[in-house]
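K.L.:
For reference, the chains in residue letters:
Protein chains: 2
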Amino acid sequence: MMRTMSKIIFGIDLGGTRIKIGLFDINGNLISKGDIPTDTSNNGQNIIDDIARELLRSLEERQAGLADIVGIGIDVPGAVLGHTTVNRCVNLGWGLVDVSSKLSEAMGIPRDWVIVGNDANVAALGEFFDGGAKEYSSMMMVTIGTGVGGGLIMDGNIIDGVNGAAAEIGHIPVSDDLDFDCSCGNRGCLEQLASATAIARMAGTADAKEAFDRAYAGDELAVKAIDTAAEALGKAMAAVACVVDPECFLIGGGVAAAGEKFIEKIRASYAKRAFHSSKKTKILRAKLGNDAGIYGCARMILNRYE
Amino acid sequence: MMRTMSKIIFGIDLGGTRIKIGLFDINGNLISKGDIPTDTSNNGQNIIDDIARELLRSLEERQAGLADIVGIGIDVPGAVLGHTTVNRCVNLGWGLVDVSSKLSEAMGIPRDWVIVGNDANVAALGEFFDGGAKEYSSMMMVTIGTGVGGGLIMDGNIIDGVNGAAAEIGHIPVSDDLDFDCSCGNRGCLEQLASATAIARMAGTADAKEAFDRAYAGDELAVKAIDTAAEALGKAMAAVACVVDPECFLIGGGVAAAGEKFIEKIRASYAKRAFHSSKKTKILRAKLGNDAGIYGCARMILNRYE
Numbered sequence: 001m002m003r004t005m006s007k008i009i010f011g012i013d014l015g016g017t018r019i020k021i022g023l024f025d026i027n028g029n030l031i032s033k034g035d036i037p038t039d040t041s042n043n044g045q046n047i048i049d050d051i052a053r054e055l056l057r058s059l060e061e062r063q064a065g066l067a068d069i070v071g072i073g074i075d076v077p078g079a080v081l082g083h084t085t086v087n088r089c090v091n092l093g094w095g096l097v098d099v100s101s102k103l104s105e106a107m108g109i110p111r112d113w114v115i116v117g118n119d120a121n122v123a124a125l126g127e128f129f130d131g132g133a134k135e136y137s138s139m140m141m142v143t144i145g146t147g148v149g150g151g152l153i154m155d156g157n158i159i160d161g162v163n164g165a166a167a168e169i170g171h172i173p174v175s176d177d178l179d180f181d182c183s184c185g186n187r188g189c190l191e192q193l194a195s196a197t198a199i200a201r202m203a204g205t206a207d208a209k210e211a212f213d214r215a216y217a218g219d220e221l222a223v224k225a226i227d228t229a230a231e232a233l234g235k236a237m238a239a240v241a242c243v244v245d246p247e248c249f250l251i252g253g254g255v256a257a258a259g260e261k262f263i264e265k266i267r268a269s270y271a272k273r274a275f276h277s278s279k280k281t282k283i284l285r286a287k288l289g290n291d292a293g294i295y296g297c298a299r300m301i302l303n304r305y306e
Numbered sequence: 001m002m003r004t005m006s007k008i009i010f011g012i013d014l015g016g017t018r019i020k021i022g023l024f025d026i027n028g029n030l031i032s033k034g035d036i037p038t039d040t041s042n043n044g045q046n047i048i049d050d051i052a053r054e055l056l057r058s059l060e061e062r063q064a065g066l067a068d069i070v071g072i073g074i075d076v077p078g079a080v081l082g083h084t085t086v087n088r089c090v091n092l093g094w095g096l097v098d099v100s101s102k103l104s105e106a107m108g109i110p111r112d113w114v115i116v117g118n119d120a121n122v123a124a125l126g127e128f129f130d131g132g133a134k135e136y137s138s139m140m141m142v143t144i145g146t147g148v149g150g151g152l153i154m155d156g157n158i159i160d161g162v163n164g165a166a167a168e169i170g171h172i173p174v175s176d177d178l179d180f181d182c183s184c185g186n187r188g189c190l191e192q193l194a195s196a197t198a199i200a201r202m203a204g205t206a207d208a209k210e211a212f213d214r215a216y217a218g219d220e221l222a223v224k225a226i227d228t229a230a231e232a233l234g235k236a237m238a239a240v241a242c243v244v245d246p247e248c249f250l251i252g253g254g255v256a257a258a259g260e261k262f263i264e265k266i267r268a269s270y271a272k273r274a275f276h277s278s279k280k281t282k283i284l285r286a287k288l289g290n291d292a293g294i295y296g297c298a299r300m301i302l303n304r305y306e
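Protein sequence lines correspond, in order, to chains A and B.
Under the working numbering, the first residue of the first sequence carries the number 1, and numbering increases by one thereafter.
Under the working numbering, the first residue of the second sequence carries the number 1, and numbering increases by one thereafter.
FYI, nobody ran anything at the bench for these hints, they're computed from the structure.
Check each hint, because a few of them may be wrong.
One copy or two, either will do: identical chains are not told apart, so a pair holds if it fits within one copy or between any two.
Below, computed lysine-lysine pairings styled on DSBU-like, alpha-carbon distance capped at 35 Å [what the hints assert, rightly or not]: (1) Lys279 / Lys33; (2) Lys7 / Lys261; (3) Lys33 / Lys272; (4) Lys280 / Lys7; (5) Lys102 / Lys272; (6) Lys279 / Lys7; (7) Lys280 / Lys102; (8) Lys265 / Lys7; (9) Lys280 / Lys33; (10) Lys102 / Lys279; (11) Lys279 / Lys224; (12) Lys209 / Lys102; (13) Lys209 / Lys272; (14) Lys265 / Lys102; (15) Lys272 / Lys20.
None of the values given here were measured: they were computed from a predicted structure.
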C-alpha cells in the first residue's frame with residue numbers, strides 16, 4: 001500500500017467535556033474529524049498526552065509521519081499568552097500551561113509547530129475564513145451560549161486587545177435596571193440579559209430551548225424574555241459598530257440555532273440603535289456550528305504562511 | 001545666503017474657521033506653525049488656492065523649492081475616501097472634493113504627495129505618536145467638544161471601519177431615559193450627556209466653561225451635570241474596552257482642559273463599569289491640544305515611508 005504523502009494540519013478544539021480533532025489539507029479543507037473525551041481528573045494533567053496519542057494514532061492510520069505535519073492549531077477555553085501558553089482554564093483545571101511546549105514534547109516535534117488560541121477568538125477566525133463571514137473584510141462574532149462571547153476579526157487577524165479582553169462583548173454595559181450582579185462582578189452586562197441562562201431565567205423555563213419553544217407557542221413571559229434579549233443584543237452591537245464599524249456581525253452559539261425569527265428581532269433592535277453610517281451592517285448567522293473551532297485552529301496555521 | 005536644503009513635510013489642519021499649517025522636518029519635528037482664516041464663501045471654493053498660496057509663500061520664505069517637499073498631510077472635518085477625497089464637509093460648504101488632485105494641481109506637484117484624513121482620526125494619530133499616548137501600543141482617543149468624537153489607533157494605524165464610522169463613540173447608546181433625540185436621529189447617545197453642549201444644557205449655563213466654574217464653586221446643578229457627563233463617559237469607555245481593549249484612553253477637546261478633577265470622575269465611572277481584565281487601563285489627558293491635527297497630518301506622511 002502506498003504511503004500517503006500529502007501534508008496535513010491538525011485543528012484541535014479543546015473543550016471542557018470533549019476534544020474535537022480535525023485533520024485538514026494544506027489548503028484548509030477538512031479531510032476528517034473526530035473527538036475524544038476531556039479527562040479533567042487530576043487538574044487535567046492527562047489532557048495533553050491524550051491529544052498526542054490520538055494525533056499519533058491518526059497519523060499512523062493515514063500511514064503518515066511526523067514530517068507530514070505542517071502545524072497544529074489548538075484552542076483552549078481561557079486567556080492565551082504569546083500564542084503558546086494558557087493562563088488559567090477553570091474548565092480544564094489548568095493553571096499556567098505552556099501548551100506549545102507540552103504538546104510538541106509529547107509528540108516529538110518542534111515547539112513552534114504548535115500554535116495556541118482562545119476558543120472564542122479561534123471560532124471567529126474559522127467563521128471568518130470558512131463560514132458565515134467568508135465574503136466580508138471584517139466581522140464581530142457574537143456567540144450566545146451559557147454566556148455571551150465574541151470574536152473580532154479585522155484584516156484577517158484576531159484582535160485580542162492588550163489584556164486579551166477585546167471582543168468580551170458579553171460584558172458591555174447595557175442596563176441600569178438590574179438588581180443582581182453579573183458573574184464578572186459588575187452589574188448591567190449584556191450577558192445578564194442575553195445569554196441562554198438569562199433567557200431561561202427571564203422566561204421561567206428550565207433552559208433557553210424551552211423558552212424559545214414556549215415563545216413560538218405564544219407564551220407571553222417567554223416572548224418578553226426573548227424580546228429583552230434581542231433588544232439588549234442590538235444595543236450592544238450598535239455600541240460595537242460605534243467602535244470598530246465591522247462589515248458584518250455573525251450570530252453563533254446554541255441560542256442562534258433558535259432560528260431566523262430571533263435574528264430578525266436582533267436586526268430590528270440594532271437598526272433602531274445603530275449610528276446612521278452603520279445601520280445597514282449585515283447581521284448573519286454563523287454557519288460552522290461546532291466545527292468553527294477546528295476550522296479556526298487550522299486557519300491559525302495557514303495564516304502563519306501568508 | 002545659503003539655500004536651506006533640508007526636506008520638509010507640511011501638516012495642514014483644515015477647520016471651519018482657521019486653517020493651521022505646520023512645517024515639519026523628516027523626523028516629524030515641528031519647525032514652525034501658523035494659520036490663515038478659512039474662507040467658506042462660495043461653498044469654500046477658495047480654500048484650496050488659499051492653502052497652496054500659503055505653502056508656496058512658506059517655501060519661498062525658507063528659500064526652499066517644491067522638490068524639498070516630502071509630502072503634504074491634510075485633515076478635513078468630514079468622511080474621507082481613499083486618503084484623497086472628501087465626501088461632504090458641511091462646515092466648509094464642500095460636497096465631493098478630491099483634495100489630493102486639487103491641492104497638488106494648485107501647487108504643481110504630483111497628486112500622491114498629498115494625503116487626506118478625517119480630522120478626528122488624524123488628531124488621534126498625532127496624539128498617539130507625538131502626544132499623550134506616545135508610550136502606548138493602542139489607544140482610543142475621546143474628544144469632548146461641541147460633540148463627542150473619537151479616534152482609534154491600533155498597531156500605529158487609524159482604524160476607520162467599513163463605513164468610516166469606527167470610533168464614532170459619541171453615538172454609543174448609554175441611556176434609556178432621555179426624552180429628546182440626538183443630532184444623529186437616535187436617542188440616548190453618549191454625546192447627548194457628555195458633550196460641551198450637553199454639559200451646558202444640563203447645568204443651565206451659557207457654555208461648558210461656565211458649568212465647570214460653577215461646579216468648582218459648589219453649584220449643585222452644575223456638579224450634577226458634570227457627574228452625569230463623567231458617568232456616561234466611563235460607561236461608554238467600558239463598552240469600548242469590551243470591544244478593542246486598548247492600552248490607554250486619551251481625553252481631549254475643550255472640555256478635557258477643564259482639569260484633572262473631571263478626568264478623575266471619568267476614571268471612577270470607568271473603573272466601576274469596566275470588565276475586570278481592563279479595569280486598570282490608563283485614562284490620560286491629551287497633550288497636543290490644537291496642534292494634534294498638524295502633528296497627525298505630518299505622521300500620515302511619515303507612516304507612508306515606514
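K.L.:
Run every hint past the structure and note whether it holds.
P.N.:
Going through the hints against the structure:
no., hint, result
1, Lys279 / Lys33, "neither (39 Å within a copy, 40 Å between copies)"
2, Lys7 / Lys261, "neither (43 Å within a copy, 61 Å between copies)"
3, Lys33 / Lys272, "neither (42 Å within a copy, 45 Å between copies)"
4, Lys280 / Lys7, "neither (42 Å within a copy, 45 Å between copies)"
5, Lys102 / Lys272, "neither (49 Å within a copy, 39 Å between copies)"
6, Lys279 / Lys7, "neither (44 Å within a copy, 45 Å between copies)"
7, Lys280 / Lys102, "between (46 Å within a copy, 32 Å between copies)"
8, Lys265 / Lys7, "neither (45 Å within a copy, 58 Å between copies)"
9, Lys280 / Lys33, "neither (37 Å within a copy, 42 Å between copies)"
10, Lys102 / Lys279, "between (47 Å within a copy, 32 Å between copies)"
11, Lys279 / Lys224, "both (24 Å within a copy, 33 Å between copies)"
12, Lys209 / Lys102, "neither (39 Å within a copy, 60 Å between copies)"
13, Lys209 / Lys272, "both (27 Å within a copy, 34 Å between copies)"
14, Lys265 / Lys102, "neither (46 Å within a copy, 47 Å between copies)"
15, Lys272 / Lys20, "neither (39 Å within a copy, 38 Å between copies)"
Against the hints set out earlier in the document, violations occur for numbers 1, 2, 3, 4, 5, 6, 8, 9, 12, 14, 15.
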